[in-house]
Amino acid sequence: MRVADTYLGNRSEDAVAEQLADAESATVVLSDTERQRSRVRTETTDGQELGVVVAEELAGGDVLEADDGTLVVVELAAVDVLVIDIDGSDMTPTAALEVGHALGNRHWDMALRDGEALFPVPDSRARMTATVEEVLPAGVETGFESVPPTTFDDTDDHGHAHAAGHGADGDHDHGVHTIDGGDP
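Residue numbering for the sequence shown is 1 to 184, as defined by the working numbering.
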């Protein structure tokens, strides 16, 4: 099995792009979970077994060098997300707070994009839709789409505690990432 264990950079960097143009390369598509692991056993897009051993969390376009000299380009599998159109609704501030509280207690990752809230689908669309419909006011539009897993990267994590019984010490982190660059 080929092992890719040397991180060269991203193909958007000139030096890496030049190396890539002059070398034999393979492509691997990693899930969000796989890209965050330091060791992954997977296959290239042409069906060759590959071990990936790196210290960094990988991003789309990252280039690794395998033990046989082959360069491996990392692509990321898209993440299925629920999109809630906040700006297009007549939601009152009170209703928005109630929805935020209810969905926040689910501990789902969230990203904000131009008046929309995006949540990765943890298991099934049907289950997530049923959960969200319980707390959304009538008329709020929802939908599904696929986005890069990096949509939920670089969150501004914060810690907070809950009442007794919420965990060993009650502390945990959440993150909200704004895609459009604004504050959450």
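It is possible that part of the hints are untrue.
Quick list of simulated restraints, FRET-style, between CB atoms [said to hold, decoys possible]:
1. Arg-41 - Asp-114: 13 to 21 angstroms
2. Glu-145 - Thr-33: 15 to 23 angstroms
3. Glu-141 - Gly-51: 39 to 47 angstroms
4. Glu-18 - Gly-51: 23 to 31 angstroms
5. Glu-141 - Arg-106: 13 to 21 angstroms
6. Gly-9 - Asp-67: 28 to 36 angstroms
7. Arg-2 - Ser-31: 51 to 59 angstroms
8. Gly-139 - Glu-13: 41 to 49 angstroms
9. Glu-43 - Leu-97: 44 to 52 angstroms
Read the hints as simulated data drawn from the structure, not as lab findings. Every residue, glycine too, gets a C-beta built ideally from N, C-alpha and C.
Hint-by-hint comparison with the structure:
1. Distance hint check for Arg-41 and Asp-114: the Cβ-Cβ separation is about 39 angstroms, which falls outside the suggested range of 13 to 21 angstroms.
2. At about 20 angstroms, the beta-carbon gap between Glu-145 and Thr-33 stays in the expected band of 15 to 23 angstroms.
3. Look at Glu-141 against Gly-51: about 44 angstroms separates their beta carbons, and that is inside 39 to 47 angstroms.
4. At about 26 angstroms, the CB distance of Glu-18 to Gly-51 agrees with the hint of 23 to 31 angstroms.
5. The hint said 13 to 21 angstroms for the Cβ distance between Glu-141 and Arg-106, and at roughly 20 angstroms that hint holds.
6. The hint said 28 to 36 angstroms for the Cβ distance between Gly-9 and Asp-67, and at roughly 18 angstroms that hint is violated.
7. A hinted range of 51 to 59 angstroms for the beta carbons of Arg-2 and Ser-31 is inconsistent with their spacing of about 19 angstroms.
8. As the Cβ distance of Gly-139 to Glu-13 is approximately 47 angstroms, the hint placing it in 41 to 49 angstroms holds.
9. At about 46 angstroms, the beta-carbon gap between Glu-43 and Leu-97 stays in the expected band of 44 to 52 angstroms.
This entry does not satisfy hints 1, 6 and 7, going by the numbered hints stated previously.
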